[in-house]
Amino acid sequence: MKPPARHRGRDDSRACAEDRRRFLQRAGALTLGFYLAPAACLKANIAAAQSAAAASEALESGPAVFAPNAFVRIGTDGSVTVIAKYLEMGQGVFTGLATLLAEELDADWNDVLVEGAPADVTRYSNTALNMQGTGDSTSMASAYQQMRQAGATARAMLVSAAARQWGVPAEAISVSNGVVSHLASGHRTRFGLLTTTAAQLPVPATVTLKDPSQFKLIGNPWVLRKDARSKTRGSAFFTQDLKLPGMLVAVAAHPQRFGANVRSFDATAARAIAGVVDVVQFAGGAHHFGGVAVLAANTWIAQRGRDALMIQWDESQAAHADTDRILARYRQLAQATATPALSAPPAAAVPAPAPATPAPTPAAVPAASAVAPATPAQIAAAPPAAGSTPAGTLSPPAATPPAATPPPPPVLLGRSVGDVGVLQSQDVQRVEALYEVPYLAHAAMEPMNALVQLTDGGVSLWNGEQLQTADQVTIGKLLGIAAERVQITQLYAGGSFGRRGNPHADYLQEAVSIAQSAAAAGHRVPIKLVWMREDDMRAGYYRPAFVHAISAGLDARGTLVAWRQRSVGQSVLADSPFASQISAGVDPSSIEGSAQPYDIPNVRIELVSPTDVGVPVQWWRAAGHAHTAFATECMIDELATAAGVDPYPFRRALLAAQPRALAVLDLAASRAGWGSPLQAVGPRDRRGRGIALHDTFGTCVAQVAEVTVSPDGHLRVDRVVCAVDCGTPINPNVITAQIQGAIAYGLAAALHQAVTLVDGVVQQGNFDGFAPLRMSQMPAIEVFIVPSREPPTGAGDPGTPPVAPAVVNAVFDATGQRIRRLPIGAQLAPI
Amino acid sequence: MPTFMVNDRPVSVDVPDEMPLLWVLRDELGLTGTKYGCGRSLCGACTVTLDGMPVRACVTPAAAAEGKSVVTIEAMEDDKIGAAVQDAWLRLDVSQCGYCQPGQIISAVALLRVNPQPSDADIDAALNGNVCRCGTYTRIRAAIHEAARALAL
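Protein chains in written order, with the working numbering: chain A, 1 to 831; chain B, 832 to 984.
Calculated from the structure, these hints are not laboratory results. Wrong hints could be hidden among the right ones.
Unchecked claim - Computed Cβ-Cβ distance ranges for the label pairs, DEER-style: (1) P683/A - A895/B: 46 to 52 Å; (2) S583/A - R944/B: 58 to 64 Å; (3) D953/B - A556/A: 56 to 62 Å; (4) G682/A - L982/B: 32 to 38 Å; (5) D314/A - V945/B: 52 to 58 Å; (6) M884/B - G682/A: 32 to 38 Å; (7) L982/B - L183/A: 43 to 49 Å; (8) A895/B - G825/A: 35 to 41 Å; (9) E484/A - M884/B: 51 to 57 Å; (10) D718/A - V890/B: 32 to 38 Å.
To be verified - Here are a few chain A residues that sit away from chain B, every Cβ distance over 10 Å (derived from the structure): (11) S181; (12) Q317; (13) M445; (14) S583; (15) P597; (16) D612.
Unchecked claim - Sample of chain A residues lacking proximity to chain B, with all beta carbon distances greater than 10 Å (derived): (17) G192; (18) V525; (19) D759.
The C-beta atom is built at its ideal place from N, Cα and C for all residues, glycine as well.
Next up, chain B with everything else stripped away, as it sits in the complex (with noise of 0.2 Å):
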């Protein structure tokens, strides 16, 4: 029965170890925001954080987040910086169908913890992983600069 934080909350599930966490998160937390996409780690839209690292959910089996914190974009806006990336998002209008882009926040997010001022090539690096079939990725690109701008005030 694995044992972990979610969003800063001890959560213990009846699941095999081996369920990927993704589907603990959806079907069993009632977490939905993290998506499904591809369940092969190929386009980010089940991306959370692990301990503060970017992981795909869809391929992380839940015994491996056993005492670890797992947070979701449900936990964002409680984040300085995933509150300073939702609210660029916002600004830029950034979403489309809206399917990929918890996953894109996140990566987002991951990334401005590490690299306050990325560069397009660091943001390119960061998010080639998570797909978005709209397209919206030069707002992504835009959102994250102005979210980097936001953080440095």
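Isolated chain A, as found in the complex (with noise of 0.2 Å):
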């Protein structure tokens, strides 16, 4: 069958006030096949200084623009603009509004363009998170009804217009592709001459939504994203290119470790460069860098400015964190456990040994009475995992010092079924391991940056804004002023992958506070923070370092009869905004996704969160189900080879309660041909395949992957079979990319990537030692939708998490080794 022509845009979307070009153009400025800056630059860049609401009033003709709701504005040119509360970060989310919106409104997708929405949580708010901002694979779920109704909306409203305009019943009249019409009559028309009349009607109270059977555009895999074209062309404007009238680059020095602060700087050095306009010292605070800045009208020349600074630390409430020492220490706090202690794993994928250690003494290790099944009281009875923080520079709860031995933090009962003492019994044989991820660095190719303009009693901002709502009130609170007078302007974001999403606002506040700095110098005109490449990698806030160790059970049957793990690791939520999620001590997302999606009926899940370590972390792509189910599904291998079955079928038993899931398995199984026989590619190369699941955040995804591993240890990753259910697909284009992306997301992850700390300081900085997955390293990688009329949920995270477990499941099924803890590095023996 030959493919329907592809839908694609007239014009692109615009993260705020508009594609340069296309703004330049409708303001009949300039064509710009070329342009030197100042002129036209200014221009687009003034335009993009408007607040969103104001930018987009000045790029619409007159009156007559037909806004029905605060997502959709028709213009008399026919143009439907669709305005999109949720961060385009690279994830297609500006598409999937528009689609949802454009499909019951019965538009012409190449009329409709895509706006990113002011900070407003009182039209915008993110219904699954109860606060405007972009996460967790949420957005297509809580946006489903909402931008359907939206469109549907003024679909009923421009209908009415045409049935009083043609004096025809409006039940007589039909939409399709943009086009309004009335067939006795004959009347048509286009939605541009309906605007004025739609506009003065009232709003309906009801509308009813397309049976899915009628859909256009959603599932429609020929509908291509609407920020293509203004991508490809290199005119997308990502904060890092905003440049308003006056405005100042500053480069910021910070402390080689976290906690520490300014004693004293001398910027002669600095000042004495040609370009640099003055250097100012800004106060940090608890969960962001104070430091000293240098501002300059041209970055290169602020980074030199910096990188002449001289600057004195004051050390003292400086962290020390190693994480050699931190993973020594969660290893003994994860195998701790009130049944004997957890048989060390194979020589092979024993971690390396740590170097001394001040971790738990043996007295220090909590009783086994602590930990035994757990009673309300003494879950009641247990410390937050949040601390309060003690004042200082981006100082979490203060590192460990080496000397001392810390206090034996409590262990808390995340999750329990049934109970897991079966594992004691003489007929269950048991399979114990540990398994340890590092920390990670979201690496966003457009490394952190905002802009910031203080106001009158109040601020404006511009970013890539992924966490409207908590950044209004972090950065009211710095300023003393309502959140209500924090206004953010939405731009594209280079990548995120949770980064921009900082709980704590760290380079929002960075950026403010060096603003005021610069302010009080006299320079109040807008500032821009650029983070260079080190900065962002050296700035904390990563993937928290965690260890897993799980003991399981099968019966005579080799039926998986019990599953006790503990985990061990920092909380994200713990002392954030956020911290209301916490529930009797239990940070959800650090647990969240373990030993799930199967039928267990014994279940116990422990954890340990730490508070001293001194390393500050954060959300990564799938935040906690990335290394849940690593651990999960590792352990599900190692159980099936102790039970002499086949790691799919293996499986399939534990989900006869889990149909969608069960369905996803059996499709990337089948896809993958797997039990077939790889094809040798060298002699002596050793060739495995190896299958994971798991459901991140309502959205199944199986992998199957095929390594091939060479005589020299020396791993490849050739093809990834992917299978994924994420209910209603709504771009199906989009799905895909995101699963390949996420895919290679998680390989550079689980092949390579691991930030380290000595003494402190963070030992990667750029792309050479945190090594991004390489386009001669992406497999080869095919992903299946699963066809599904259920409610949609993401597709931007649930990729990541399998493709670490498949891949070591089937280095073991190549060579027999099981790799346990991440990065797999060199960790493959040679033969």
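Put the two chains together into one complex, using the hints given.
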């Protein structure tokens, strides 16, 4: 069958004001084949400088614009502007939101534009998060009804307007592909000519949505992204690209260790550099750096100035976190269970012995009674994971001084089903292992940055903004103003993977703090904070390192009957504006996904959340799922081996009550040719296939990885076959891309990424030490989307968690070697 | 005061000779399609061509462009191969966050200029220095093949 003509946007979306080119064309200013900045760039930037609302008004012609709700505006020229409340960071959300609205509006997809919404929780709240913000793959699920209703409402009013203009009954009017028509009378028009009348009509209280069988855009694989054109031309606007009149770029010196403060500095050499406008010290806070910033019109000049600063740091409050010691301590905490200590993993997989560690002496290990089935009273008595933070510069709970023995953090009960006491039964075959994952940087292509303009009694921010409501509150507190006085203009984000949704608004606070210092020094101008790559990578807020100790049991028939897990790692939510989600001390994001989605009669998930580590942490792509899926899916594979059953049917047997997960697993296995022989590559190359399944935020993904391990232990991932059930697929084209990208993102981490600290100093600074996946390492990826009419769930995160376990399970299949510690790195034994 | 051509226009910029071309383009000339990603020639987001050869603008001093011709993403649609590559990029919906794509496109165009029918291995070799954290590599590869086919017609 010949595919239909692809729907492509006539124009692009804009994150805030406009794609520069289109803005200038509309404004009649110039045509931009080429331009040298001053005139053209200034105009575009001035436009971008307006608040999103003001800018959009400036762009639309006249008062006849029809805007029946907060999500759509139809111009007299027929353009349909969808206002997107979520951040476009690559995941395709602008396109998804527009698809939903345009579907019910029956708009011509080529007439649809997308614009980022301003920060306004009253209109643009994420109903799944109860605030304005983008994350946890909630966008499509939370907007599915809302955006469709917004489109249907606009459609109903356009139909009423046509009925009034033509004097015909509304019921006899049809709308298709942006054309409103009345068959009997031959009347026919596009949206633009109806807007004036429609704008005067009452907004209907109820509208009827389409039956899915009528969908034309939703589920259509030929609907393409709205932001593709500007991103292909290089005209898409990121924060990095914004330049406002009089703006100064700030490049800041941060301390080497979290928690250090400026004692004194000498800026003589920096000031001597031509182009350096000023040097200002800025205050830090509990969750953002203080330091010294160099201001210049040119980023490189500012960076040179920063590099020329001579700073004496006060390290009396500095953290001396050391990842080897942290992980050694976590291992001990994870294994100090009420049951007999976990046996060490086989020699090949034993994590590297840690250097001398101050971690718990036997006396400091919690007594068995403290972790025996916790009573509600015990849980209630457990101190919350959130600790108060001492004042200082980006100093989450102070690091453990090397000489002291830290008090053991409490063991919390995360989840309990049945009784894992069966693990002690003589009839149960126990399988035990320890899995560990490192700290990870997000390393988005666009390092963090933000543009700040202090105003009278308020502040305007320009940012690829992921957590509007929380950031308004945080910045409002910093400035001592109401949150509503914090205006935020949405821009595209050059990736985020969670980083721009920092729960403490770390880089925004830093930018505002620098702007305050600059204003005090007489520079009350827009300030753009630019983190260089090294600043970004060394700024903390990493995916927390975790150790998971799992003891699971098989009965005499090889059925999985019990699963006991203790997870040790820092809480992301603790001490953040989201700490209210912590229940009885348990940060749900630390344990989400553990032992799931399988039917296991006895499960006990325990959590230890150390608060004295001294490394700032936050969510990363797929949040907790990225590490819990690794532990869970590796252990399931080990259990299958212990039971003497192929890992695919072993999983099937545990999914009797999970038909959707089972279907996803079956789809991946069948498409991958599970069980068929793998073709040999080189004579001594070892090949293997591994499978993994995980449900992340309601989207179930199964992956089968095929790997080749060369005689020298080099690992190559050749192919990943992936099945995904995300409910109603809204944009199959975007979903496929998200899954491909999520696999690449997770694979980079699985293969070779870790942030390490030695005596408080982050050891990686750029893409050499923290290596991204490169083109030559990209496996062949096949994505299969389960057809579904269930409510939609997300696609941005769920592709990441299964890839690491699928790959290490394939490594086991190829070599017989279990990898229990990420990254895989050089752990594979040569032959 | 380095003087060179940018997208077929002569420019003369009053900057230190050692200022990287990246920041001349972005902060002095307003050509912000060329991106900063690493500053050390590790990611390729700043790729432009200098007399037709792809270079990393973040480590290319302005003085190295003296008398030469710099072409950036902003001029790609005026180039036959550039336009074909951009068109393939749109047909296959390559971009995700989009930040690295100008550099990817410049590298792809430079490849097709010297190798009109590249193999997967040729593409891997030519674009291995261009990092995409969103993982658009599958579609980049496909789009380069697509552009090569279109140009061969």
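Evaluation of the provided hints:
no.	hint	result
1	P683/A - A895/B: 46 to 52 Å	48 Å, holds
2	S583/A - R944/B: 58 to 64 Å	60 Å, holds
3	D953/B - A556/A: 56 to 62 Å	57 Å, holds
4	G682/A - L982/B: 32 to 38 Å	35 Å, holds
5	D314/A - V945/B: 52 to 58 Å	55 Å, holds
6	M884/B - G682/A: 32 to 38 Å	35 Å, holds
7	L982/B - L183/A: 43 to 49 Å	46 Å, holds
8	A895/B - G825/A: 35 to 41 Å	37 Å, holds
9	E484/A - M884/B: 51 to 57 Å	53 Å, holds
10	D718/A - V890/B: 32 to 38 Å	34 Å, holds
11	S181	31 Å, holds
12	Q317	30 Å, holds
13	M445	4 Å, violated
14	S583	34 Å, holds
15	P597	25 Å, holds
16	D612	32 Å, holds
17	G192	26 Å, holds
18	V525	15 Å, holds
19	D759	25 Å, holds
When each numbered hint is compared with the structure, a violation occurs for hint 13 only.
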